[in-house]
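Colleague: Sequence:
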Amino acid sequence: MVRKRYDWEGGAQLDEHSKRKHKILHEYVLQYIVVRCKHPQQPRFRFAIVDGFAGAGRYAGDTAGSPLIFVDRVKAAAEEINLARAIEGLPNIDLECHLILNDSDPTAVSLLEQNIAPLLAEVRETSKNLRIETSFLNEPFENAYPKIKKILTSAKITNALFNLDQCGHSYVDRATLKDIIQTYQSEIFYTFSIQSFLAFLSRTNPDLLLSQLAFLGLPLRDIEQLNFSMSNERWLGTAERLVFDAFQVCAPFVSPFSIHNPDGWRYWLIHFAKSYRARQVYNNVLHDNSSSQAHFGRAGLNMLSYNARHTDGHLYLFDQAGRTTAVDQLREDVPRLLTGRGHAINVLDFYESIYNLTPAHSADILSSLVGHPDLKVTTKSGGERRKSSTIKVADTISLNPQRTFHQILRPIERR
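Just so you know, we're using the UniProt record's numbering here: the sequence shown kicks off at 1 and counts up by one.
FYI, nobody ran anything at the bench for these hints, they're computed from the structure.
Any given hint might turn out to be false.
Here are the simulated lysine-lysine pairs, DSS-like style, with alpha carbons at most 25 angstroms apart [said to hold, decoys possible]: (1) LYS23 <-> LYS274; (2) LYS128 <-> LYS147; (3) LYS392 <-> LYS380; (4) LYS274 <-> LYS392; (5) LYS38 <-> LYS128; (6) LYS380 <-> LYS38.
Restraint-style ranges between C-beta atoms, simulated for each label pair [what the hints assert, rightly or not]: (7) ARG266 <-> SER110: 28 to 34 angstroms; (8) LYS150 <-> GLY383: 49 to 55 angstroms; (9) LEU315 <-> THR378: 46 to 52 angstroms; (10) THR324 <-> SER154: 33 to 39 angstroms.
Quick caveat: nothing in here was measured; it's all calculated off a predicted structure.
From the three backbone atoms N, C-alpha and C, an ideal C-beta is built for every residue, glycine too.
Model the full structure from these sequences, guided by the hints.
Modeller: So, in structure tokens, the structure goes:
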């Protein structure tokens, strides 16, 4: 697939799927920084944001692109965190951000330097606890990546957030995604066109592609060209499985959710992370921006294990209706999980085992544990938790000795 060329000088149009994606980035970047600055005595937080396909920074109508969103959100985070610290009588924290901006289009990079300059000047003048250093690169991302690594190594930065908003599928190798996750305390936002992804699979694993999409009853050529209804919910569920299977080797936590479009699911925004906490925050942000992304399958645990021949798969839009379904399923799923785990599990181990396979909000997961006839959550000292908001990672979730109907249920079927 040939990469889409933007008319940056004439005013590039921002597509609807990109608007939804930018909304998620806008919310997540602030939360990413806030979560990483929780320790009350932490003097500073050093991190990098790498925008591998940065563009010119502004679209038609003066709409901000991702590089400008990043500067704005980092500035907002510094202000929010230090205001909260001042109220609590805590010392300020200094944020040091290295912003690495790359694009293969020289015109885009030149305009980006102009568009971002006023925001950086404002940061220097008004944000005494924030320092942003910028590096501009003008190469295809795979060529730029070794230079990006050198910049991070030279600056001794290990915390990195990568935004890889490619227009096709072939501009970032899976080996590079794995290297980013393995080398740094990193997270990745990775965007691609499902058409390019299917074309890639048709070359590398056509048998898998045809078997997964057999229900369409179409030849491989029609599948490659998307000659079928993209709004078919069963298509969404199958595509999610294909995406998850292809990318789960890249990181411990991979969210395979599509950018929501009722007219057809064509673009995917994947979040890669090394820790359950990052995925937990990401799930919560998706619920705060409901209908920005879409999932088809189960709402509780083992989200991709639904049986397409039955009716246990549903469209999940991270909205209130979806959350209600999630709580109902979680209250059945968690006892089943514990039945196969020796009837008890540490909360931290529970989080690490479930978050790669659930779209649920953290509050819904916690609420499913308290007041449940078959479950109890206990502290290290043996006290029982009565409120979900008080549950800690050192607590233990266990099955009650006198269980109800869950004791006869089998574990959730895995794919």
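Colleague: So, for every hint listed, does it hold in this structure?
Modeller: Against the structure, the hints:
1. Under the criterion of a C-alpha separation no larger than 25 angstroms, the hint pairing LYS23 with LYS274 is consistent with the structure, at around 23 angstroms.
2. Between LYS128 and LYS147, the direct Cα distance comes to roughly 29 angstroms. Violation of the 25 angstroms bound is thereby established for this hinted pair.
3. At roughly 10 angstroms between alpha-carbon atoms, LYS392 and LYS380 fall within 25 angstroms of each other, so this suggested pair holds.
4. Pair hint LYS274 plus LYS392 holds up; C-alpha atoms about 20 angstroms apart against a cutoff of 25 angstroms.
5. Distance hint between LYS38 and LYS128 is fulfilled; the C-alpha atoms sit about 20 angstroms from each other, no more than 25 angstroms.
6. Proximity of LYS380 to LYS38 is assessed by CA-CA distance (about 23 angstroms); at most 25 angstroms being required, the pair is judged to hold.
7. Distance hint check for ARG266 and SER110: the Cβ-Cβ separation is about 31 angstroms, which falls inside the suggested range of 28 to 34 angstroms.
8. In this structure the hint that LYS150 and GLY383 lie 49 to 55 angstroms apart at CB holds, the actual value being about 52 angstroms.
9. Restraint check, LEU315 to THR378: a C-beta distance of roughly 37 angstroms breaks the suggested window 46 to 52 angstroms.
10. Under the hint 33 to 39 angstroms, the C-beta atoms of THR324 and SER154, about 50 angstroms apart, miss the expected range.
Hint compliance for this structure: hints 2, 9 and 10 are broken, all remaining hints hold.
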